[in-house]
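Enquirer: What follows is each chain in one-letter form.
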Amino acid sequence: MAVMSYLGAIGAAQREAMEADERVVIIGEDVEANVYGTTGAGKSRKDKGDFLEMFGSNRIRNTPISEEVIVGAAAGAAMTGLRPIVDLSYSSFLYMAMDQFVNQVAKNRYMFGGQASMPVVFRSAMFYGLNTGAHHSDRPYPMFMNVPGLKIMVPASPSDAKGLLRTAVDLDDPVLTFEACPLWGLKEEVSEEEYRIPFGVGRVAREGSDVTIVAISSAVPESVAAAEALQAEGISAEVIDPRTLVPLDVDLILGSVARTGRLVVADPAHRTCGAAAEISAIVAEEAFDSLRAPIVRVATPDTQIPFSPALEKQLYPSRDGIAAAVRRVLGARPLIDAGV
Amino acid sequence: MNMPDKNFYSNRGEMALDRETLLQMQRRMLRIRHFDERASKMVKRGQIPGTVHTSIGQEAQVVGACMALGDGDYMSGNHRSHGHPIGKGSPLGPLMAELVGKGTGVCGGKGGSLHLADFAVGSLGESGIVGSSIPIATGAALSAKVLGNGRVSLAFFGDGAANQGCLYEAMNLAGSWDLPVIFLCENNQYALSTPAHTVTSGVIAERAAGFGIAGVRVEDGQDVLAVYDATRTAVERARRGEGPTLIEVVTYRFHEHSEGLRLGTDYRDAAEKEAWLERDPIVLFRQHLVADGVATDAELDALEAEVIAEVDEAVAFTDASPFPDPSVAFADLYTEPTPLRVAATLRGAS
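One line per chain: the protein sequences are A and X, in this order.
When the letters of the first sequence are read in order and numbered with my numbering, they come out as residues 1 to 340.
When the letters of the second sequence are read in order and numbered with my numbering, they come out as residues 341 to 690.
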């Protein structure tokens, strides 16, 4: 075990994957210089060397700023024998390659009747909560949940980031990883051994019996903090982190709601057609009989993200907002309208 | 990066080809012609659902390029793409079955006319989105380069796709990395009804110069040998590690943009159309083969009769094939079957 940050764990997974299989390559903007600390042995280039030294320029490649061809070429390479990891840096940059994601990456295996394999991972980071303004703060995973054929991981801890990424590289299907910049500095003990976390298997981040909080990405630690605060009020909240949104561990969520009878979904994406909306709909369709109160979503309101810290911070699911939502599903009069 | 001395223009090279290869060229052009003529009839009779775009008139451009590739080489196609897998050697039965939506189709009935793919011959698939498969072919060249397997990749696209941004992203990336890829523009001079010269600034082939890659314009795309020579030169360059080439082939489609399309306006000049119909690539090559003593008229008649029989067999195979089971709609989305939570409501049972 070693203490790893969220970013450090991603770097460790990439190094393991590169060492394990020569077909794994990393392409993307600025990957050679280890700008984000995920393409080197340590945080800086001087610290134990970077991937360029370790694996050579054939397998680690800086790209031009051309997202459409980066994504399409990674798909074509995956269809013909490579297993690329693509670093797209900011999640908002994915839109530049929307045609390739939707029409090629997601559809080729299906529309060619299973002839194509698409073992490719597209990594991107959501720079929300960091005052980067409207163009860099997006949390766009729900848009891609709406595209059959893609798999989506949203790790909320260093251990999950490492184990899920190893699985993602092994899969013969395309995976999009949405990494949460607010969690970059999060540190915990992570195994230095190789391990893999399967897709479609959620994690109970905290056990409880009165209410189920399904939390996504940075809403996981916020929900755990809310649950701890609620404990003092005699409320026992269970926090579930699905870890992957496609496939989604529906059984874990339904099983928890069957016990608690109440559901709050905390999701940093926009409210309309967000991940929370889909999870709420599944529970309403399949576990309505278990519900003792209406489902409540704690999501980002349907507005753009402003620059000023005074404006931005209020928009995402916070421990206070999540706690207020829990009190509401438990029948208390809403103390505040926290945008839930 | 390898900088070519200059862009080059080619009308006809003189690469020596053996008799078998020359006759194979004619055979594959005839396969495309008769396959597409039959498909056209089947569309009009309602036997093929959806939309179909034929390669009739463009056979030389397709076959000249495909036969310059090796068996292990890759290619990607576009919406007008029945000819590409045929040109690369695909059997006709599963292609025809795919057009009709049968379970024995090359894509199991999931793709149809717009999404044929036959990975067995290196056909990585057609794209119904104009230009969208160019990055895919570029990526196949990247895998060939990284794995060092000596393969080459070719992207077929039209004059319409020549104005998509992804082509220029791909040319820049391929030029920067010296990827073994050929960008082949099938300039049939019309993007549906829009004359290419009215929406295209400059000469497409000359755009290669801006990326420091080789560019060539085949002025007579009805001449299968001219297309073959230009493509073969590009393939050899790519295999030697000298990077990508942009080839523009000037050609003409003999049918409407898509089968059954009826436009109120005649956007192609009658005299222009007549002049191109006179330059039927199959007739031209037949004349060449006879004049050069490669084959007699009788031998070429026999060859054509064999191809017609092949197409008949493909249709018989299609007719005898069952439609896929409805459950197939839920297969092949991912490597392993993923439970879909829709079956009950789809069947009206909820």
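Treat the hints with care, as some may be off.
[Stated by the list, open to error] Covered by chain X, according to a simulated footprint, are these stretches of chain A (three or more residues, beta-carbon under 8 Å):
id	segment
1	75-84
2	148-158
3	208-214
4	254-267
5	287-298
[Said to hold, decoys possible] What follows is a list of derived Cβ distance ranges for each label pair:
id	chain 1	residue 1	chain 2	residue 2	range
6	X	E646	A	V201	25 to 35 Å
7	A	D21	X	D637	38 to 48 Å
8	X	G488	A	A20	14 to 24 Å
9	X	A549	A	S57	54 to 64 Å
10	A	D172	X	D637	34 to 44 Å
11	X	A549	A	M98	22 to 32 Å
12	A	D21	X	E576	51 to 61 Å
13	A	M54	X	G505	27 to 37 Å
14	A	D172	X	V668	24 to 34 Å
15	A	P301	X	R385	49 to 59 Å
16	X	L603	A	A33	32 to 42 Å
17	X	E546	A	L311	49 to 59 Å
18	A	N146	X	L617	23 to 33 Å
Just so you know, the hints here were simulated from the structure itself, not pulled from any lab data.
Note that the Cβ used here is the ideal one computed from N, Cα and C, for glycine as well.
Enquirer: Against this structure, judge whether each hint is valid.
Expert: Quick rundown of the hints versus the structure:
1. 75-84: holds (count 8)
2. 148-158: holds (count 3)
3. 208-214: Contact hint for the segment 208-214 of chain A vs chain X: violated, 0 residues under 8 Å.
4. 254-267: As far as the segment 254-267 of chain A goes, the hint is violated, because 0 residues have Cβ atoms under 8 Å from chain X.
5. 287-298: violated (count 0)
6. E646/X to V201/A: 25 to 35 Å: violated, 57 Å
7. D21/A to D637/X: 38 to 48 Å: Given a distance of about 58 Å, which is not inside 38 to 48 Å, the answer is violated.
8. G488/X to A20/A: 14 to 24 Å: Since G488/X and A20/A have Cβ atoms about 20 Å apart, the given range 14 to 24 Å holds.
9. A549/X to S57/A: 54 to 64 Å: violated, 27 Å
10. D172/A to D637/X: 34 to 44 Å: violated, 52 Å
11. A549/X to M98/A: 22 to 32 Å: 30 Å Cβ-Cβ, so the 22 to 32 Å window holds.
12. D21/A to E576/X: 51 to 61 Å: Check failed, 32 Å falls outside 51 to 61 Å.
13. M54/A to G505/X: 27 to 37 Å: Given about 34 Å between the Cβ atoms, the range holds.
14. D172/A to V668/X: 24 to 34 Å: Roughly 19 Å apart at Cβ, these two residues miss the hinted range, so it is violated.
15. P301/A to R385/X: 49 to 59 Å: holds, 56 Å
16. L603/X to A33/A: 32 to 42 Å: Between L603/X and A33/A, where Cβ atoms are some 54 Å apart, the hint is violated.
17. E546/X to L311/A: 49 to 59 Å: At roughly 51 Å between Cβ atoms, L311/A and E546/X fall inside 49 to 59 Å, so the hint holds.
18. N146/A to L617/X: 23 to 33 Å: violated, 47 Å
Against the hints set out earlier in the document, violations occur for numbers 3, 4, 5, 6, 7, 9, 10, 12, 14, 16 and 18.
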